[in-house]
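Colleague: Residue strings, one per chain:
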Amino acid sequence: MDIVVNGETRAAEPGVTIERFLLDHELDPEVVVVERNGEILARGDLAQTVLAPGDRLEVVHFVGGG
Amino acid sequence: MKAGETAQAARELRTKGASQLTIAGRAFGSRLIIGSGKYDSPETMVKCLDASGAEVITVAVRRVSLDRSDDESLLRWLDPHEVLVLPNTAGCYTADEAVRVARLGRAAGLSEFVKLEVIGDERTLYPDVRGLLEATETLAREGFFVLPYTSDDPVVARQLEEAGAAAVMPLASPIGSGMGILNPITIRFVMDAVSIPVIVDAGVGTASDAAVAMELGVDGILMNTAIAAADDPVTMARAMRLAVEAGRLAYESGRMPKRDYAQPSSPVEGRVGA
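The listed protein sequences correspond, in order, to chains U and F. Following numbering that gives the first Met the number 0, the numbering of the first sequence begins with 0 at its first residue and continues without gaps. Following numbering that gives the first Met the number 0, the numbering of the second sequence begins with 0 at its first residue and continues without gaps.
Keep in mind the hints are simulated off the structure, nothing from the lab. One thing to keep in mind: the hints can contain errors.
[As the list claims (entries may be wrong)] If you want the footprint, here are the derived chain U segments under chain F, 3+ residues with CB under 8 Å:
hint: 1; region: 26-32
hint: 2; region: 50-63
[Said to hold, decoys possible] Distance ranges between label pairs, derived from CB positions:
hint: 3; chain 1: U; residue 1: Val49; chain 2: F; residue 2: Asp70; range: 35 to 45 Å
hint: 4; chain 1: U; residue 1: Val49; chain 2: F; residue 2: Gly216; range: 37 to 47 Å
hint: 5; chain 1: U; residue 1: Asn5; chain 2: F; residue 2: Gly108; range: 13 to 23 Å
Even glycine gets a Cβ: it sits at the ideal position worked out from N, Cα and C.
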């Protein structure tokens, strides 16, 4: 199934959790923040939230800035 | 006072630090806040943070790259127990965008503080004060401690305070310009207009700029490029630490009045042969 991550279409296994999806892309769930369909997810919910087709994720982290 | 007591007093004076910076009830040991952008490596950034003595460091909120494994979070390099990691909303051009980014930054779970930027002009990076006021009000209502980057305008500063800002951060000159304090009078007007801390954000180029700002009596300075773009950033970070402290101590000391003509420092009475 397809989802949209940071504006780009990506393939995800049906039934996969957001935490699993992040880990599969070598992203540490402890240091990113995820917004799903406009709603920010609490870190503790990443392991419980299952991706649905067409989900729109915004996945952000902290980088250098002034 | 005997010699021994004098030596003791002198030691105390030498080590007497400037008073602390307090924002929204949280006290910081340094009045210098640094940005984490534009460093050639995270290692240099960390060394500069140490050399600067800053206890607050700003970071930007950006999308992760799913394809680049070298795209790592700065949290790998910063200990949130040691410093306040302050998310900014840099690059946001509307209140809605800035509010969204602020919420994402807070969801990292580090603090309620946010450095709020709502930019109104790409070339000067001047703030859009209408959007800034709107976003400040929204975020303050949601419990954020909002530190808005703003123009050096006392009216806007007062409106930001009324909107719930925890401090105001007027620019001294355009972001990244290094031109220093272009208008000390308006910075003073801002200080007179509000009762929350005033932190000069943007424009400092070298140590004397930082000292000049601190001598005006501002509560703190936020800088990034002045350190990151120096040939030797770590040494410049130390220079800034000293300049901010020197400027603050000078302000707290109360400088001598200026006069037009000379006044001898040595007695005019008892000159030899007079």
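Colleague: Would you mind marking each hint as holding or not holding in the structure?
Modeller: Results of checking the hints against the structure:
1. 26-32: holds (count 5)
2. 50-63: holds (count 7)
3. U:Val49 x F:Asp70: 35 to 45 Å: violated (26 Å)
4. U:Val49 x F:Gly216: 37 to 47 Å: At 56 Å between Cβs, range violated.
5. U:Asn5 x F:Gly108: 13 to 23 Å: Distance hint for Asn5 of chain U, Gly108 of chain F holds at roughly 21 Å.
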